[in-house]
Amino acid sequence: MEASITFKSVGKAIGNKTLLADLSFGVEKGSTFVLIGENGSGKSMILKLLVGLIEKDTGSVYIHGQDIGSRSLETRSMCGYMPQNINLDDDLTIFDNISIHGQLHGLTSAEAKKNTLHWADLLGFTRFLRQSPHDQAYGLQRKILFARALVHDPKVLLLDEPTTGMDPHSRSTVWNILDKLHYNKTIIFATQNFTEAERYANRIAILHEGNIKMDGTLERLIETTHGLTNYRLAFSTEPPQEFMDQLEQYPRVLRPRLKGLELEFYSRERQQFFNVLRLALEHDLADLDTSICRLRDLFIGLTEGGLE
Amino acid sequence: MNPLIPLFKREFLEFKKNVFPIFLFWILMPIVIHTFLAIPLSRIITMDIRYLNWSAGGIWITTAGMTAFLQSASRMRKIQFESQQIDALLKTPISNLDLILINIARGMIYGVGQFIVAIIITSTLNNEYLSINSILIITLQMFTLILHFSLVGTLIGMLVSNGIFFVNISFILFLGVTMGFGNFIPLKYYPISFLSVINSIPTTTAFENVRSVILHNPFNWVGFSLTLLGTIIIGIITLIISHKIFRKI
Chain V
1 MEASITFKSV GKAIGNKTLL ADLSFGVEKG STFVLIGENG SGKSMILKLL
51 VGLIEKDTGS VYIHGQDIGS RSLETRSMCG YMPQNINLDD DLTIFDNISI
101 HGQLHGLTSA EAKKNTLHWA DLLGFTRFLR QSPHDQAYGL QRKILFARAL
151 VHDPKVLLLD EPTTGMDPHS RSTVWNILDK LHYNKTIIFA TQNFTEAERY
201 ANRIAILHEG NIKMDGTLER LIETTHGLTN YRLAFSTEPP QEFMDQLEQY
251 PRVLRPRLKG LELEFYSRER QQFFNVLRLA LEHDLADLDT SICRLRDLFI
301 GLTEGGLE
Chain W
1 MNPLIPLFKR EFLEFKKNVF PIFLFWILMP IVIHTFLAIP LSRIITMDIR
51 YLNWSAGGIW ITTAGMTAFL QSASRMRKIQ FESQQIDALL KTPISNLDLI
101 LINIARGMIY GVGQFIVAII ITSTLNNEYL SINSILIITL QMFTLILHFS
151 LVGTLIGMLV SNGIFFVNIS FILFLGVTMG FGNFIPLKYY PISFLSVINS
201 IPTTTAFENV RSVILHNPFN WVGFSLTLLG TIIIGIITLI ISHKIFRKI
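Chains V and W, in that order, give the protein sequences.
Just so we're aligned: 66 in the numbering used here is position 66 of the first sequence, and the numbers increase by one with no gaps anywhere.
Just so we're aligned: 34 in the numbering used here is position 34 of the second sequence, and the numbers increase by one with no gaps anywhere.
Here chain W stands alone, though its shape is the one from the complex (with noise of 0.2 Å):
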């Protein structure tokens, strides 16, 4: 038996434990984005578009992106350094590389979850309509930014042990998605030194695309491409690290 079914079986169990809870972070994260960060920003930015429909975005990267990140790296905490389940897993024959497949498809899958909802309560709020065209290019855009935060909440997962750093880094990532990508706050607001320096990075590039189809503006292939990059290099390294970290003491 493929040693990722009864790993898939494991977090099913977990998922139908706490399905109401999940369900419940689920709905608040967007509500409580919209309500206490996007609709007091509505009444003081000014942009061509209405700035809810503009923000929507930024609450569908918020809150997918903090779920995956999150999701795989609280479990990678857990595992490793809280329950010491991580002996119990790797003395079983499954590689380290499906120990960490199984984290990223479960932030993924959280990830998801928590965007289907988030794209369905900014659409009712809003009463805004994505053509099926627009719903498929989010859903591009958002899978790989997903799949991004769920690889870094892996590695995070994976280093620090502290707890009280780890709420830390939860925390300055949060801001840093909300407050400081343009995701709420249009870049034209930011000074041009800053923008110098995080235009150089590619999520940026990809966070843009997902209003960029708000917008009806063109999709950057280009930033796309360069984040499905270096989301693919995070991995790679996420897998290095892991043979150095896991089967030592």
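The following block holds chain V by itself, in its conformation from the complex (with noise of 0.2 Å):
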């Protein structure tokens, strides 16, 4: 499949601390990325570097084969970016801040009335739309947001933490637009939400420490844990110190973690998990719970380690 952002060998650092280090990877034409990472892993860097907002340091930057470097208007002018912080202009409506934005990207006055229109009515704030952004509630204001990436009909889609605030229906009415827009546009977006990433992602990467530790499809990132399964037992009492030390034990029985009356670990072997819960039903037991490893336990393994 033809590559419509390519990453090579990017970095980025501020004083001593990198922020992006050696950083390559590619995303497909009309495909949907998603980046997972925690606070600071380097998520809204490589969306913000994608349209011009900081500059790297060392490597190069592809989209849809122009160098953001060298041809940023171009680059610039293919992407929409809705970002994480709400900087609606306040001195202006709804509507103008919506169309301003997309005459500014070279729409013309009624192109871009016309399409403020369009997404204002598919997001549902038309009867706000001559209101002041600064009044809105939060939810709408990152619709507001999404309608202005939007706007202007970009070929590469930048959505930073797209969903965070929004009431369930905005959320839903968010990526039924997506799941209809990706057939035409690349899509990447950055999340801490694991099951919209799931639902969503053709493709994922988890990023730790200005770093992509591993990416693919959902399916393939799965099949790297070998079966690694997820258990968790719940107690009606708290169980005793002695029966965490016991658990020591078994050291294939992986980042055992007690949290209140659960007691939450991981194996890939199904008679560690009974070794496990024949200790258990001495102390308690109320409840039991398995799930094959997900994205989430993928996440907590690779950033804070414990399921090598």
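No lab work stands behind these hints: they were computed from the structure.
It should be emphasised that the depicted structure is a prediction, and the values quoted were computed from it without experimental measurement.
Dumping the calculated DSS-like pairs for lysine-lysine here, alpha-carbon to alpha-carbon at most 25 Å:
#1 V:K155 <-> V:K113
#2 W:K9 <-> V:K113
#3 W:K244 <-> V:K17
#4 W:K244 <-> V:K56
#5 V:K56 <-> V:K17
#6 V:K114 <-> W:K9
#7 V:K113 <-> W:K17
#8 V:K185 <-> V:K155
#9 V:K213 <-> V:K29
#10 W:K78 <-> W:K244
Two chains, two frames, some hints: make the complex.
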């Protein structure tokens, strides 16, 4: 498949702190790519770099074959960007915020008006268009940012935690729109919501300390865990410390954590679970749950360790 | 479409929204300075011509210059430090130069508006008559000064993130323009050592030129040219600094 975005050995540092470390990856045209990572892992940095809000120190980045350094005006016009923070213009109405933005991207006044009304209608804020964005709820302000990112019909859509602060109905509207758009646009979104990442992304990249630790389809990522399973045991009363000490006798019981009355651990072997279960039955076991390893578990394993 | 057009449209929409307070400010500034500064000083300072006619030049410079400075500086500070709109603008296909040009143009438009209102008010209050030729020379000189203040405002707005520090700078600039460059107190009242310093600043000559028109004295083209040159240099510095500040963390 043809590449839409290519990162080649991109580095960025501020002082002694490395923010992006020799980052290389590609995103295919028409795909939905998600960046997952802790706060400060470099997700927003990658999106800002693509729209030219920050400059890289080393390496090259291409959008549709054009270098973002030497052809920045062209690459910026191809991108629609929804930031994490609200940066709407309080001196303008919601309509003007979106329409002027479209015109800055080269739309005529009439085209900008048409597109603004179209997105406002789809996202359900037409009746607020003549009001100031300052007076609106956070969720609505996020929807305005989403419409602003889409108003000029960009080829590449960069969304930084797009549904944060939105109510469930608005989230669903946004994802339905993205579902329809992803056939002819490249979508990159950063999120900490694992469910959304699993549900909507074609490809997932887990970022840690400025570099991609793992990258691929969800199925491919889960395959790499080699059958790692997540187990949760709930107790009626808190189990004694000696119970936790006994778990240490089983080295293939991975990352056991007691949170209140719930014990969570991982293992690749079912027999290990039976061993723990046998011990747990002696200590007021109330319930149990098992699930195959998901994105959240992979993320914890990669960023915090303990699942190797 | 030229990106400057939607940027101008944005400025017009903001102007339309705030038209009443803007006009109120334009009208009140010259009246307040005339009443609280020029009239009291006219009772102390003696000179060959009527002091209030002479000080009109100071009113034009102070009001138009400060308006241009405050408008360009506050807008640049707002987009860069307060609302982070700079991110929304810089991700569109506009260049740093476009952004700086529109900010300077904003300062100039508000400054010129203030100058027109100020010249009408002072001429009315002082029963002053200015020939077309005098108005043209004053306008030429004032355009340069307004551009100068607008550029300085853009540069300050780009660099000063601290609100209190910005207010301090604005206050010091206001005091400097009104009291430090002979706009309301003739330069003969200042110590010689101080004069040797301020006379070496081209802007002093530019201020002097405005008053020269009122006094029917010859126009100092060297001072005018140096002010224009200084303004162009500040413009280049502003553009260079913008490349260090914008698109960086």
